[in-house]
Structure formats: structure tokens, C-alpha cells
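Protein chains in written order, with the UniProt record's numbering: chain A, 1 to 788; chain B, 1 to 788.
Treat the hints with care, as some may be off.
Any copy, or any two copies together, can satisfy a pair, since identical chains are not distinguished.
Unchecked claim - DSSO-like cross-link-like pairs, simulated, lysine-lysine; straight-line CA separation at most 30 Å:
| id | residue 1 | residue 2 |
| --- | --- | --- |
| 1 | K52 | K480 |
| 2 | K396 | K202 |
| 3 | K779 | K382 |
| 4 | K480 | K779 |
| 5 | K480 | K202 |
| 6 | K779 | K510 |
| 7 | K52 | K396 |
| 8 | K288 | K480 |
| 9 | K482 | K396 |
| 10 | K779 | K52 |
| 11 | K510 | K396 |
| 12 | K382 | K202 |
| 13 | K396 | K288 |
| 14 | K288 | K382 |
Calculated from the structure, these hints are not laboratory results.
As the structure is a computational prediction, the values presented were derived from the model and not from experiment.
Letter by letter, the chains look like this.
Number of protein chains: 2
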Amino acid sequence: MPEFIDNGTRFRLTDPMLAPSAAGYLWNRRMMIQMTCRGFAVSQYMDPEPRKYAHVPTMAGQSFMQPEHRYFAHHPGRFFYVRDNQSGALFSAPHEPVRARPDSFVFEPGLSDMRWTVEKDGLRVDLCLELPEDDVAEIWTATVTNIGDDTRDVSFVPYFPVGYMSWMNMGGHFDADLGAVICTSVTPYQAVEDYFRNRHLKDITFLAADRLPDHVEVSQQAFEGEGGLADPSALQGGRNLAGGDAAYEIPAGILQYDLSLPAGGSERFRLIFGPAHDTSEVALLIGKYLRGDAEAVQSATRAYMAEGLGSFEIESPDTAFNAFVNHWLPRQVFYHGDTNRLTTDPQTRNYLQDALGMVFIRPDTTREVILRTASQQSVSGKVPDGILLRPDATLKYINQIPHTDHAVWLVIATCAYLDETNDRSILAAQVGWSESDRTDSLYDHVTRALSFLAGEVDERGLPLIAQGDWNDPMNMVGYKGKGVSGWLAEASSYAMSLWAEVCEAEADQKTAGWLRREAGAMIERINAHLWDGDWYARGITDDGQHFGVSADDEGRIYLNAQSWAMLCGAADEDRQARMLLAIDEQLDTPYGVAMFAPAYTRMREDVGRLTQKWPGSAENGAVYNHAAAFYAAALYHVEEGDRAYRVLRAMLTEPEAGDIAIRGQLPLYIPNYYRGAWHQHPRTAGRSSNLFNTGTASWFYRLVIEQLCGLRGTRDGVVIAPQIPSDWDRCRFRRTFRGAIFEIDVERVRGLTDREIDVDQEPIDGDVLRHVERGRTYKVRVRLPARA
Amino acid sequence: MPEFIDNGTRFRLTDPMLAPSAAGYLWNRRMMIQMTCRGFAVSQYMDPEPRKYAHVPTMAGQSFMQPEHRYFAHHPGRFFYVRDNQSGALFSAPHEPVRARPDSFVFEPGLSDMRWTVEKDGLRVDLCLELPEDDVAEIWTATVTNIGDDTRDVSFVPYFPVGYMSWMNMGGHFDADLGAVICTSVTPYQAVEDYFRNRHLKDITFLAADRLPDHVEVSQQAFEGEGGLADPSALQGGRNLAGGDAAYEIPAGILQYDLSLPAGGSERFRLIFGPAHDTSEVALLIGKYLRGDAEAVQSATRAYMAEGLGSFEIESPDTAFNAFVNHWLPRQVFYHGDTNRLTTDPQTRNYLQDALGMVFIRPDTTREVILRTASQQSVSGKVPDGILLRPDATLKYINQIPHTDHAVWLVIATCAYLDETNDRSILAAQVGWSESDRTDSLYDHVTRALSFLAGEVDERGLPLIAQGDWNDPMNMVGYKGKGVSGWLAEASSYAMSLWAEVCEAEADQKTAGWLRREAGAMIERINAHLWDGDWYARGITDDGQHFGVSADDEGRIYLNAQSWAMLCGAADEDRQARMLLAIDEQLDTPYGVAMFAPAYTRMREDVGRLTQKWPGSAENGAVYNHAAAFYAAALYHVEEGDRAYRVLRAMLTEPEAGDIAIRGQLPLYIPNYYRGAWHQHPRTAGRSSNLFNTGTASWFYRLVIEQLCGLRGTRDGVVIAPQIPSDWDRCRFRRTFRGAIFEIDVERVRGLTDREIDVDQEPIDGDVLRHVERGRTYKVRVRLPARA
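Just chain A, with the same shape it has in the complex:
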């Protein structure tokens, strides 16, 4: 039975067939590894761009991480064969490649490690994977135990395929001095300047163990032979590994240990696997992690993870929700914010939204992100499509396509930072421009970003979309230079209103006034040009065609255009009611609220690339959780707390077999999408992308803290306004805020008609507590009327 264990900090899966691609992920400052329950792995590290040290067995395309990653027998993975040397019977842990049905199987991904326990025919294999805090390496611990009554002779064979390293040069051999399989390669290139660029790369992949193997093999093909990976020739007929090397052949790290285990006896191995620049780096890593203090390594990693676990805790009647929000959600936020999704040129939109969540974890990071973004802004005010994190980085892929929404996120991130920290010094921080040596205050930078945004409009005053807004592949609405984004009109208005508040606080009435007028005028334009009768249109194409409207048979209603109409205040109560009804009828699915519906089944040349994606996947009508998070934000904004909670909750895979099987993932992260197109493709609806890179995490965290829990900062203090679901009788939160601790106890009370708030047993007037003192612990009691 799949379940959260260890107070929610670890999950347990007991069936490798239930959701074969179900995975956990670990990372440190330099690398990430996603391991499936069955032993397949996707891992990458920064060198300085994302690279792999274990490869597929063919030349792989260089691209961003792809949704619904597909596994196959020869995919990279970490496998441990066990052969009974009397019977010849073979199984492998975790589950691949032999796929023998285990007597028992347990997969337990935790916050800072992953564990498996696999039992088969009286033998048990325990595996544990950890990462060091600050090196690129996997540390594996494996224990083989005889749980039967008779002595067993077994061969234990860790098999770490390294795959197709390079067409220029790849090979491998066992280095007995190091006690390691060393696989060497030269990263392929052709231009001479790349030689100098590549020279520092870690072109070695190695596997070392804390004891010398009895036999080794380094050629993948020699190991596999005719038997195939499920029954490798090298292990058939009682054979031992033949000591072969790989010479421009596909290498693998394969070690054989011959063990005689009395009843109850066990043997423990520690292995390290990863990339290195040269053999002296291999020796260094072996010294640190195989011969060094294992406990110290583990506690450093735990401390690193603990740093990211945030400043918030919830104790609600929904235990799965508690487990997720208290551990896994901040972990996901921290992953994004501390590693920048392992890229050197994050999309500006992602970079800033990832920083949104970091205000609750490490607000200095948010500050740095805001200032770095502003420093790459053009003097025109234009915010670039991507942010370069290193001097040698370049804008790649989607960052070469012009998008028009980035100013919005700069405002939202800056306001969130101010709300949480009240560090108003950031506004005065002097920041340069991309093409100029002069510096100006961040305040000026943000204001100029909005001024640029306000200028990029058509004759109606609606914002041009160019080749995309938040929606990357909506690239042909405005590529001829005329099409406009309805969503961006709303988001601009929202951002202008937000920034007007900051301007007012800074006593800059002139700018505030201009922004208020612009925001209001934009709302008028939205209502004049984009209201379709029961919902808002998503935009107007280059040829003047409204889309996302009732006249469309596909892409008829878009969620974002409704959510942000609520956020910016464009929708009055009547319109809001119609919109909600339309969303319920057309976008709601058992797996969350779809981004739009129906999914496109044919190219719309005036909408763009998203219409060519598979219907229900990604931006073509998936349950795209980022959009769902905006919707939840809008619902909290209009005080629809119950609906908002349902939207948030639907993003989480339930910790039970049925939902895990359908989603194909564990409840340890929010994926960027679940398949939508519920009416069009019911068989696949709900299936997870298994991509945990998503702006959703930050928004979700922020909504739980600031809306569900209801504790959010203002210039003067803290607002206390929880919006817990009406069926929760009671809920407790604990939150660190501006150096103080808030312990909040929210209760629903029958017969009560108005909300009552006590702080340290003193009732407060309204919902704002002013003058929060650092170091103090506030005990807050909120009593809410029980709903009918």
C-alpha cells in the first residue's frame, strides 16, 4: 500500500508495476538525479551547461528536459544483479533489467536520500542513494542479506551503464590502483574554439567501491551478450565477469563480488558514481566519500536540505496535504530557487517566479534575483527573455523567441519580496542596464519596465503579444506585429495596480497616479474588447480574430483569461459568476482544471505552435498546474476559499494506489502538467509529465501561506486572514515572519457569525497586526463561523 511514512518526510511504494516511471529526485548545488522506482535514472549536472555522466546507448539530442520521459531496457540506470551460485537464478534490484517478480519490494524516496528494499528467494538487497552537499557524485550503499535458513553463495553485481559517451572517443577500463572503473571520453566538437571551451569538462565517468571486486567488466556489450540485459551472457552458466575493457565501445561500470552468506549474514558495500575531469579528481572523490566519514557527509546533505525546508508548518485534517506542504513543497521550491532549474539562462518569467517562493525560504536569493534581472534590462525598460547567470552563458532555445510579458513578473516578485521582508532598501539599490554604464535605482528600473510595457500596445491600447506571452508556444497570434494578448492586458493592469501601491508608499504620487489611470484604462479596454458574453477572450489575432471565445470549436475558453480578470478586478460579480460556471462546465476534470478546452486537434496558424502539440499535453489543453495555481490565486482573491482549495488539492497526486497508477507519479512534487483533454482522450487524462520544473511550486507555497493560512505582510505589519476550507473544523499553522514566530490556531465555531482574532489572547481590531517584533512568538487564535 503506497503511503507517506516517517511523519511525511518519506514515501513508501511497494509495487514496481504500479507506476513504472514513478520517481523521486535528489539534488545538490551542482546536480540533480531523478530515479524511478525500478532503477532507471535521469541525472544531470552543471559544467557549466547541463551535462550527463550516464548516457543512453545512442547519440542523444541536446534539448531541455522533456515531459513524460520514456524509459527502455538500455536506458541509464543503476542496477544490482544478484545471482544464486548454486541454482544460477538471477534477479536485480531495484527491479530492472531482470524484472523478476520480487517477493517484496519497497521504494522509499526521502527528502535527502532514496531507499529500496527488495526480497527474492530468501535474499534481501537494501539500497540507499545519497548525494554529497557540494560535489557531483552519487553515493550508493548496498547491503545483501541472507534472510533464509541456509548458507548461500551469491554473486552480487552492481551494473552502472555509462552509455554512448562520444563519437570522437569513448572507452573504459578498470583501474586497480583506484579500485574504480574509469570511462573516458572526449566531448564531440568540430570548431577549434570549442576545444578551448571544452578542455575543462568532466569527460570521465567512474564507478568506485569501498572494496576490490572479485571480477569486473567494462564493455556493455560483452556483459550483455546474446542473453540480453534481462539475462546477461556474462552471468550465465556460472560464468564470472571476464575483465574486459571498452575500446571505442560502450562502457559500463560492472563489478562482481562473490559472497558466501550464512543464514542471517549480510555484506555491505559503499559505491560512488559520477563524473570527473581526471583521475586525480577521481582519487579525491574516493577519498572524501568512500574512505571519509560517511556520517559527516550525510549530515552535511541533511543540513543543506533542512535549510530549504522553509519557515512554515501546517497541521490540518488533511494529512497528505500536511505531508506535502510541510516537506515536499518547500523542497520543490528550494530546488528551483537554489539551482535555477540547472540552467545558465533561465527564462526571466521562471527565474522571477521561482524567486517568489524563495522569499519564504531564503529571501536574500529573491533579492539577488530581482537585482540581477534588473541589471540585464534594456535602457528602454524592456525586460529580456532570459537571464544570463554566468559571463559565458548564452540565450538558448525559447529565450531566442520574443515574448512580451516579462515586466509583469518583475513587479510581482518585487512586491512579494517587499511584502515578506519589508526590506524597502532594495528599491534604492543602484542597478546598471544591459547597454549602459549608468545606474539607476531598482525603483526606476521597475517603473521603466512598466512604462515600456504600457507603450507596447496596439491602437486599442491592448498589449501586443509578439511571439508569445506567458504561453510560450502561443507564437503566431501576433507574429505579424498586430495580435494582442487578453491575458497580458489583465496581467499588466494587475501589475500596474500592485506597483502603484509601492509608489504610493514611496510618496511618488505622480507615478502612482499614472499607474492607477493606466490600470483602470486597461480594465475598460478589456471589458470593451475582450468580454465574450460568458467569459473573457484570450486575445485577438494579427487578423483581428478574437480567440478563446464561444465561437471557437477548439480552444474555446482559456483559464488564464478568467483568472487574471478576477485578479485585476476587471470582472464584476455577474461576470465572475458566469466565468466560474463556464470553467466548471468546460475546464474541470477529475485531475484538475484544464488550461483551456477543447484541446486543439489541428494547427491554427493564427494561434501557433501550441495547437500542434498532442491534444491534452503541455500547453495544448493540459491540466497545466501553473495556470491552475493562478486560478487558485484568483479564487482566494475573490474569497472563494473552498474552490481555491479544491484547485490546489487536485494538483497533488493522492498517496494511494489508484491515483498513483493513473497519474504515474508519486505525491512528492507537482508536475508541470497532468494530461487534460479529459473528454477527448479519457484513457490518458491525468497522466503526469513527471517534470518537476514548474513555476507552480512557488505559487502554491505562497497561496498556502498567504491565503489558506492567511498570514501575509504589508508595509505596516501582518494581515491575518485565513481562508481554510469550510469542512476543516480546525487547523494549526506555524510560520516565521520577519524574525518573529507566529503560531496560529484556526477553529470553526458553530453559531459564530463573525471572524474573531486574538493575538496572545488579546483580540485585535480588523485583521492587521502592526509592528511585528523580531524574536517574539505570537500565539494567534482565529475563530471562524462554521459554514452551513
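On the provided structure of chain A, position chain B as indicated by the hints.
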């Protein structure tokens, strides 16, 4: 026992384990397919760039074809499962993915088709693959026969994996109206201009059969299940395919036919597999190739192949050599020359050398290649690195790196064309320039190419190498602008001498005189600066360091620098003898003559990228057959016919088990390399790259015709000067030349002291026959002294 059959036009391999990657290849004007004996496939077609319609199960890197292509269980292939429905026993033809040991196995690749016959437990599967002449499609014929005594109930299941088509959109379903599995996709892109560029692409892959299947499956994963490809879940326990589709899942064409076969009974299927733009194209192809006249399709393809089989036949004591030269060698030349190696921007060097061989097959192609090359020449005379074959083509990969040798090949190709055709009108053909509207004669173009080449020299007058010459990855000898190429000095001198002859024939004594002087001066410089004592250096680096010299511990002696010293006449007899000795001692291996030795084991920053390749692979000291062909040309040039023949012969895999196992290929083509580094890596020495794209084929063909057979054109007629090996007692050739037919009978006669030549029983004086008459058949008898 592996052997040539059907008079050398087909090969027979009877063991799928002997050389698992051993393959044949078929092509037509638009596509190429390489099929291994075990059923794996690499195929591509032009649309307009090379594309695949069956993919690996992961996003594949876009690159040129790679040597030693690696196969793995989920690699693209064409497989036919057979299940005994009484016992459940399963096997698959050709051999993968089940890998059941067959009772008998026959793989027979022919000139225009490939066949397999696999027997297992009383059942026989006959397979045949053909291509149509001018469409992109595979036509498969499969027959299942009960060769036992009892009636058998079997399921016959063609399984054509389609693989990872696209991250944007991929899926598949069975279309009952078409009787076809239709797999759809959208080629991934991000920039809007690529949408318009991609719109015409064939994004469908389909599998259709001439009868409706009993059951189908389109999801690869549903088919495979937990069983794996060797024992797919969908075929376990008597199950039938479940009719599933693929929805953003990896698709495959899988058809199940349930057959009841009486003893001796058999059922025949015809299938078509390939890409299409839309379903109407699918319908069209089905109509043509499944419902149309199969005989007519076959004879069109055979006629196309026959067109390429050249104008030359040999009957020597070496029957394997005869089989190769009479069928497979011109076939390989024709493949290069008619398809341009399936690229839109061939390297100029390759393009011109491929055209060398085409003079014996279709000289109009050679003419066109020469004129097209000249038309892309710069007015400076510089010949570009690559030739664009279409207006929308671009220079890719290696064509973006500056090389300095291309003029040489323009001269050699033009002279070869003149020698064979005597079509001197080509010299007057008016050709434009890449940056100018004016036209000039080809004669001027070639002269100017040499004039440019003569100007790109250092202060010693040796030619600069920039970032490469013939040797692409020799990219750091001269990247600072100073290094020179010894080989190019020799090749320049050779080309200048060749062109001087043309100039003289055109009565342009002034140019001829200049070229003779330049060629002679270059030889002086070569001998002054590059002779190392026992051989010639390969060049001098940017820093003035000679390399390819006895002082080097790696890359000590390069073959090309010796071969071309002989060709250009730089080496006197003494030097030649020293060079040959050094080559024998240092470069000769049981698998041919290495390009240089010892292979580099570490980067030489003043030589370049080739030193980083795996030692003994490709340009790092392989038996690089193109270089070996130059060596053979040099040996014939200096009348070392026996040595030359040994060099040529070593390029051919022997049609016997031992050599096939070592080389890992069949004797059907010359690969670009066999692994060298015979002393450094004996285990892998001799292993074939299995890449049949190589300039070697043209040179080999030309040497056999013009040197071994010894029949070559001059301005006045034809030279008759065979150089057959001394241990051949007799040899006959038949050759079409300038519209006449030559039947040549060469005999070694004991006691004879001087060569004697009769033409139509009349002795001729010297070795030149003047005034060849079109339409006439010349019977030539050559009597050679038998050697001691």
C-alpha cells in the same frame, strides 16, 4: 558458411551470431536503408534534409552518420514474431528481438533486395525487402511456411517500431479503411519561420499490409509490457493484440495474423512501411505498391540498379575480387554519385571524388558536378568547403571549418573526366561565380583555383593548412595562420602538373609553363623542408614544428605524405625505397595499411582534433581506406603493381567466417575505415566502421580500371598497360570506353621478356591505341612476361 552466391550478385550469411552488425544496404533516389542480418535498421530519406521515419526510443541527436553504429534491443528494426498457438513458443525473424537460436538462418543481401530465411521448430519465415525506384517506402514480402508434418496454428506478428517521433506531438492508430497503422507527429521546432519551413515534411510513418490483420496494437509499451521485447506481454499466455492506440506515447506498427497452416502450407504477406505527408499520400503508396503490379515495381528497381553497374567486368583468378569489382564496387560508386551521400551540402572534396568514379558509370553526372562546383567558386579562385545542391541548403558541420585543399580535387576530377570522355567542350563551358554575375570558362575557373592555391603559402612557399586539408580534424596545425601541410604541397604540385598537361593540349603555353615551374618549385621546397631522412613529414605546425617525423613518438609517419610524394614525383628512387620500407615496418597491419602510426593517445594541441579520437579509429591512425587508395594509386604510378594489388585487396573483407567476424561486416562495400592501432589495440584492430560513405570507392574503381586493367584514355586514344599481380596467370576484362567495347585478355607467358599487345590480332607499337571508333568492339590481347 558465408559465401558469394548467384554469380557474386548476392551474399549468403548463415549465422546471426557471427557478425551481429553485419549489414547490407539498399537505396533509391530518395532514401537509403542499412539492414543488419539480425533485423536492426538505419534508414534515412531526403525531405529535403536527411530525416528518419523510424526512430530510436529517445530523442536522437542530429548529426552525420556515425561509425560503428551501435544497436540495442529497442533500436529501430523490422521484426516478425511467430508464435505457436499450441505451445506458446515464440521466435522472431530475422533474429532480434527474441534471439531464439534458429534451426537454420540465411541472410542474403543482393544488389536490389535483401532476403532472409529463418527456420525454427518446423516453421519457416522467408523475408524480402525491396525499395521502389523513386518513392520513399520499404516493400516487404513475408512468407510463413509449415515445413513440418502436422497442421500448425500460429500467430504471425510483424512488429515495426516507430520510436520517439517528436516531443511536440506523436501518436498512432490503426486506420481500418486504409488497412494501415498511421503514426502521426509534428517535427519539433520553436521559431515561427520553421513552421513554414516544416509544413511540407512527411511527419507520418505508416505500416500497411495487403490484408487486414486479425488484431493490431499501436502502443509500443502496451505491446512490450513487463515481458520485454524478447517475450512481449501482449503475446504471452495466448493473448491477442489488444487494439490499442498511442496517444503522445511511442507508436509502433504491430499487426497480428492468426494462421492455420497444414503441412507444407504457407501464407504470403506484402507490407509497405515508410513516411508520408498525409493520409492521401499513404493511400497513393498503398495503391502503387500493395495493390499495383509487384513485378513491374521490382523490374523498375532492378533497371535503376543495373544503370549503376558500370561499364567494366573482370574475370580474374580471384573470384571474391571479381564478385566485388563486377557488382558491389560500381554499386557503391553509384550510390555515392547518384545520391550525393544523402546530403544537401556535400563536402567539396567528397563531391568531386565521388564524381571521379561516376565517369565510368554516368559521365554526365561528373560533368554536372564539375560545373556546379565551379559555379560556387569565389572570384578569388577559392573553391568553397561545401557545395549547396539546393537553393535552401546551408553549409553545416564540417563545411563551416576552413580547409585549403579543395582546388586539388577540382583539377583531378576535371582531368579524369577529360581522360575518360575526351569531351573537351567542358573546358569552354561558361560558368558564373558565387559573388558575381559574370561568367568565365571552366578552364579559367580551374586555372584560377590553382592560382589561388599557389598564393596561399607561407614564406617558404609551402601551402597553409588553415583548419584542415584532406584530413578534416587536423585542425590545429595551422589555425594560428602559419602552419603548412606537407601533403597539400605534394597534392598541389601533382594537380599543377596535371593541369599543365591540359593547358598544353589547349595550346596555352603561358599557363602551362607557369604551372610546370610552380609544380617543380614546390617539389624543391618539399625536398628542402619536408624530407625527414627516411620519409616525408606530414607538415609544419604554427610554431615551426615538423610533425609526422621520426622524432615523434606518436603520429610518427603518415601514409599520405609518402603516397603523394610518389604521385607528384618528389621522391627519387632511393627515397622511395626508404619510404616503402618505413611503411612496411610501421604502417602495415593484417587488415591494411594504417593512415599513420602510432595512433595518438593524448591531445597534441599543435596537430588537432584527430589526436583526440580513439586511438586506431577514424582519422587517428585507422586503416583509413581512402588514404590506402591513394597509396595504391602511388604504387601503380611507380609501377609497383603487386604491392598496389595487396593494398587494394586488404580493403575487402574476405568472404569467410574468420575475417567477417573480425571485421564485423560483409564483403559488400569498402568501409571508410577498419580500426588500426594494430600494435596498440590488437583486440579491436580490423573492425569495420560499417560506414559505406567513402571517397575510397571511386578511387578503387578507377585504379582497377585504369591501372590493374590498365585501360585509360588520353587525348589521342587509349593507353593499354595492365599491371596485374604477378601471380595471376591470366585475366580478362571487358570495358566500354568512348562508345567502343574493349575485350582484353591478359596472359603471363613464361620466357617472354617484353610486353606484347595485339589489337584485333594486330600488334601495336607502344601501349597507345589511337582513334577509338564508337560502336566497335576491340579484342585486345596482352602478353606479359611471367615473373620469376
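Exercise. Is it within a copy, between copies, both, or neither that the alpha carbon of K779 lies no farther than 30 Å from that of K510?
Worked result: neither (41 Å within a copy, 104 Å between copies)
Exercise. When no copy is named, should K396 and K202 be tagged within, between, both, or neither for a Cα gap of at most 30 Å?
Worked result: both (22 Å within a copy, 27 Å between copies)
Problem set entry | Up to 30 Å CA-CA - K480 versus K52, copy category | This pair counts as neither: shortest intra-copy Cα distance 39 Å, inter-copy 33 Å.
Exercise. Within a copy, between copies, both or neither: where do K480 and K779 come within 30 Å Cα-Cα?
Worked result: Answer is neither: 58 Å inside a copy and 73 Å across each miss the 30 Å cutoff.
For this session: Can you give me the call for K288 and K480, within, between, both or neither, at a CA distance of at most 30 Å?
Result: neither (58 Å within a copy, 42 Å between copies)
Problem set entry | Homomeric proximity label, K779 with K52: Cα distance no greater than 30 Å | Neither: 49 Å inside a chain and 66 Å across chains, both beyond 30 Å.
Exercise. Given a CA cutoff of 30 Å, do K396 and K288 count as a within-copy pair, a between-copy pair, both, or neither?
Worked result: neither (36 Å within a copy, 45 Å between copies)
Exercise. For K288 vs K382, is the C-alpha pair at or below 30 Å within one copy, between two copies, both, or neither?
Worked result: neither (47 Å within a copy, 57 Å between copies)
Exercise. Taking 30 Å as the upper bound on the Cα-Cα distance, should K779 and K382 be classified as within, between, both, or neither?
Worked result: Answer is neither; intra-copy 45 Å and inter-copy 83 Å both fail.
For this session: Indicate which option fits the pair K52, K396 if close means a Cα-Cα distance not exceeding 30 Å: within, between, both or neither.
Result: both (18 Å within a copy, 25 Å between copies)
For this session: Since the copies are identical, ignore which copy is meant and state whether K482 and K396 lie within 30 Å (CA to CA) inside a copy, between copies, both or neither.
Result: This pair counts as within: shortest intra-copy Cα distance 26 Å, inter-copy 35 Å.
For this session: Could you figure out if K382 and K202 sit no more than 30 Å apart (CA to CA) within one copy, between two copies, both or neither?
Result: neither (37 Å within a copy, 40 Å between copies)
Hints 1, 3, 4, 6, 8, 10, 11, 12, 13, 14 from the earlier list are contradicted by this structure; the remaining hints agree with it.
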